[in-house]
Amino acid sequence: MNALFRSCLVACTALVLVAGAARAEPEPAALVDQQHCMFCHTRDAPFLAPSFQQIAERYRNVPNAQFMLEHKLRLGGKAHWGDMAMPLPGDRGGPLSAEDAHTLVQWVLSQ
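Here the sequence shown stands for residues -24 to -1, 1 to 87, where the numbers follow mature numbering (1 follows the signal peptide of the UniProt record, and there is no 0).
For the record, the hints were derived by calculation from the structure and aren't laboratory data. Every value quoted in this text rests on a predicted model; they were computed, and no experiment measured them. Hints should not be assumed to be uniformly reliable.
Unchecked claim - When the alpha-carbon atoms are kept at most 25 Å apart in a straight line, the in silico SDA-like pairs for lysine to any residue are as follows:
| id | residue 1 | residue 2 |
| --- | --- | --- |
| 1 | LYS54 | ARG68 |
| 2 | LYS48 | GLN10 |
| 3 | LYS48 | GLN11 |
| 4 | LYS48 | ASN37 |
| 5 | LYS54 | PHE43 |
| 6 | LYS48 | GLY58 |
| 7 | LYS48 | GLU75 |
| 8 | LYS48 | ILE31 |
| 9 | LYS48 | ALA74 |
| 10 | LYS54 | ARG36 |
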């Protein structure tokens, strides 16, 4: 392998790694499906509830937002966007562990 090719390969690999790091977290598809998130939310447009991007824009830099959103996912909660409240876990797909709630909220806030 000549030096020019090796240098190009290293540079391209670095670009791919940097581009991948700049993207949003991969969707935790199993959790999104289990909790029926897409019944009310979409990634980028309001539907029955705010989009994941709207939630991220609103809460990304709010202190303690991660904790508040995890709590709301695990227990349901009052409406902060219009009249629709977050459904109770039993109405969404069942209980959600603290770890799974953390994973979902991290993903939403990365949008």
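Against the structure, the hints:
With a C-alpha separation of about 15 Å, the suggested pairing of LYS54 with ARG68 holds against the 25 Å cut-off. At roughly 16 Å between alpha-carbon atoms, LYS48 and GLN10 fall within 25 Å of each other, so this suggested pair holds. Taken as a hint, the LYS48 and GLN11 pair is honoured in the structure, with Cα atoms around 13 Å apart against an allowance of 25 Å. Pair hint LYS48 plus ASN37 holds up; C-alpha atoms about 18 Å apart against a cutoff of 25 Å.
Under the criterion of a C-alpha separation no larger than 25 Å, the hint pairing LYS54 with PHE43 is consistent with the structure, at around 15 Å. Note on LYS48 and GLY58: the hinted pairing holds, with a Cα-Cα distance of about 16 Å set against a maximum of 25 Å. At roughly 14 Å between alpha-carbon atoms, LYS48 and GLU75 fall within 25 Å of each other, so this suggested pair holds. For the hint linking LYS48 to ILE31, the alpha-carbon distance of about 13 Å falls within 25 Å, and the restraint holds.
Of the pairs offered as hints, the one joining LYS48 and ALA74 holds, with about 11 Å between alpha carbons and a cut-off of 25 Å not exceeded. Taking the CA atoms of LYS54 and ARG36, the gap is about 19 Å. The hint holds against a cut of 25 Å.
The structure is consistent with each of the numbered hints, conforming to all of them.
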